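A.B. asks: Given these sequences and hints, build the entire structure.
For the sequence shown, our numbering begins at 1298 and goes up steadily by one.
Think of the hints as simulated: they come from the structure by calculation, not from any bench.
Since the structure is predicted, the reported quantities are computational estimates derived from the model, not experimental observations.
Any given hint might turn out to be false.
[Said to hold, decoys possible] DMTMM-like mimics (lysine to aspartate or glutamate), calculated; alpha carbons at most 25 Å apart, straight line:
no., residue 1, residue 2
1, K1377, E1366
2, K1403, E1390
3, K1377, E1390
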Amino acid sequence: MRKLSLFFFAVVGMMMAAIPALAQNPAQNAPAVANNNPGIIAFAACVGFAIAVFGGAIGQSRIGAAACEGAARNPGAAAKIQTMMILGLALIESLVLFALLIVFVKAV
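C.D. replies: See below:
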């Protein structure tokens, strides 16, 4: 476990060191690249949104199943479980809506 955490932090450190290289301005004399493939960009955005929706649906169904199981095991805590479930569902749905916003920004 110690080697795995050391490897993880080494990889994170290397990625953090690469951030300034990726943040440099492009060359001033570089020609502007025309967007010749708007259909491909729209298709890629839709596929990405479909993946986000699929992940959100899986997450929401697992939250619902876990809440039902928790309420069945302990009926006295059903109100607390329902509150936490609704909060989790709202957060997952907000992530899917952010993905939809990104699709509109990138596709248009």
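A.B. asks: All hints are to be evaluated individually against the structure, with a verdict given for each.
C.D. replies: How the hints compare with the structure:
1. Our distance criterion of 25 Å between C-alpha atoms is met by K1377 and E1366, whose separation comes to about 13 Å.
2. Of the pairs offered as hints, the one joining K1403 and E1390 holds, with about 20 Å between alpha carbons and a cut-off of 25 Å not exceeded.
3. The hinted pair formed by K1377 and E1390 meets the criterion: a straight-line CA distance of about 20 Å does not exceed 25 Å.
Of the numbered hints stated above, none is contradicted by the structure.
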